[in-house]
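Protein chains in written order, with the working numbering: chain A, 32 to 340; chain B, 32 to 340.
Note that these hints are calculated values from the structure, not bench results.
Please note that the accuracy of each hint is not assured.
Pairs involving identical chains hold if they fit within one copy or between any two copies, as the list cannot separate such chains.
Straight line, CA to CA, 30 Å or less: simulated DSBU-like cross-link-like pairs of lysine-lysine [to be verified]:
#1 K311 - K73
#2 K225 - K38
#3 K73 - K219
#4 K330 - K119
#5 K119 - K219
#6 K160 - K33
#7 K243 - K311
#8 K67 - K277
#9 K225 - K243
Source: prediction; values computed, not measured.
Protein chains: 2
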Amino acid sequence: MKEIIVKCPGTVANLVCGFDILGLALNEPSDIMEVKLLDEPKVIIHNRDAYNLPTDPERNVAGVVFLSVMEKVGGNIGFEVTIEKHIKPGSGIGSSAASAAGAAVAANHLLGNRFSSDEVVQFAMNGEKLASGVKHADNIAPCILGGISLIRSIHPLDIVSIPSPDLFVTVIHPQIEVRTSDARQILKQQVLLKDAIRQWGNIAGLVTGFMKNDLDLVGRSLEDVIIEPVRSILIPGFDEVKRKCKEAGALGGGISGSGPSVFMLSRDEPTARNVESVMKEVYTRIGIDFYTYVTTINKKGVEVVEKQV
Amino acid sequence: MKEIIVKCPGTVANLVCGFDILGLALNEPSDIMEVKLLDEPKVIIHNRDAYNLPTDPERNVAGVVFLSVMEKVGGNIGFEVTIEKHIKPGSGIGSSAASAAGAAVAANHLLGNRFSSDEVVQFAMNGEKLASGVKHADNIAPCILGGISLIRSIHPLDIVSIPSPDLFVTVIHPQIEVRTSDARQILKQQVLLKDAIRQWGNIAGLVTGFMKNDLDLVGRSLEDVIIEPVRSILIPGFDEVKRKCKEAGALGGGISGSGPSVFMLSRDEPTARNVESVMKEVYTRIGIDFYTYVTTINKKGVEVVEKQV
């Protein structure tokens, strides 16, 4: 019986001006999943954490992914998984994507890597759909591939890896709930053309800055005139945190995914640590509990860390 | 008395999905301007072409640029210019931008290159404002700098050069009039968020494709779901030309500037020539006169080609 352990990184999607199209992978936090290939068509899920996620495969993000792989492959195969979550569900740093991506990568590995990376992303997207109601890939793709991913298009799927500079990422997860569906609902269906133009100037600047390793340009381009002004009202203290983090030297940042986590990019670790202090200070004063992470961009994506045959 | 000759390239602005933010310079056609520095505060304009453009400095694109330089510098300086236009006014390939950029670069050169390239762009934008009523830079910047320019922002001015692959460009200028102001007026002030997202995915893909020299990605990203569907109705035969050019091997393309010229990018010269044949065939059948150009991306921008001191 084949068994592997996969390490699945947290991710930041909706990268400021890159709403729905740009995401990056983090070195911290990450989930651990132990996955066995079974010789009968069933999915068994164990949780080794305190989050009480459903163990019914049809209601579990990883479960749905395994089922979709089984449907594709057919025959007498199944999966048993033990999930150890460190990425808190609802944090906005890709908790469900980590489970979905981990399941897809693990299943593919156990089946002899028979699927292309696009196919693995497609399997994982089935899990994301269960979690958020929408098939999106801006957490899934960086989680699987590492680094910064551009999802140029979902139909047809077109994922492009963007060479990423060695940036530090500070994340604060204030302990409030922002439901992805709510965060989507408050967005306006229409936007001003002039705002859209400003946004696509920033997107082009951000991608160019990443690829040229021009961090001043990255900083200037980290501006979202469309989504952030609407969604940030769901996150107490957002404007203050952002302003103070930039004063503390952050290149810029914004809402991670649909929140409530907020992330900031910095050139170096001391700055990223200063940014963390500023974030903690604001939320301590406001009186909202939080977790923080100071980490770097994960360039590997989901890792298979141990095998037993 | 100092005198120089400058060669000012035509440009393609509104580069498909890069409306208002991306432009590229062409090796053909280009204007020639002979410019002398005078020791009295006046601007003298001669035309050496058949376009009968105004020679009153306040009503001439180059004149306005010279006047703005003189206002900045002060003292007893002026300019005498002879303009030989090869970029037909109203063609949509940056005729006014060439005059404006040529005047700004020439003036700066004659004054000992005392201004930064951003300042030179700013001077030239005064000329563009006279021509189109709007201060935009997506023709000016590539005309001055060469290659592909991103105008991330106009206020403040933020111009970024995008490394450009060696692409061939086919341009057809159908002899119809599309006024820039009309082309602007028919645009909707509001766009669907989902279209804007698709557009910024394409922008990011296009820039990444240029920088990675991934021409398949460039081709997939050359899609404009916002401006082209509206503006293309002003250009007879547009949809047919575009479809047939892509069938003939073009990576893609669209309306140049606000039209009526249509441009297509190709990997190599034979393809670019096939694309030209296809364009000619369609407009011959429709019965609209045209000019065509098969050229490459100009990587130098405005050139000072001869000096006499």
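Results of checking the hints against the structure:
| no. | hint | verdict |
| --- | --- | --- |
| 1 | K311 - K73 | neither (45 Å within a copy, 62 Å between copies) |
| 2 | K225 - K38 | neither (42 Å within a copy, 33 Å between copies) |
| 3 | K73 - K219 | neither (42 Å within a copy, 53 Å between copies) |
| 4 | K330 - K119 | within (21 Å within a copy, 50 Å between copies) |
| 5 | K119 - K219 | within (28 Å within a copy, 42 Å between copies) |
| 6 | K160 - K33 | within (28 Å within a copy, 69 Å between copies) |
| 7 | K243 - K311 | neither (32 Å within a copy, 40 Å between copies) |
| 8 | K67 - K277 | neither (46 Å within a copy, 48 Å between copies) |
| 9 | K225 - K243 | both (27 Å within a copy, 29 Å between copies) |
Hint compliance for this structure: hints 1, 2, 3, 7 and 8 are broken, all remaining hints hold.
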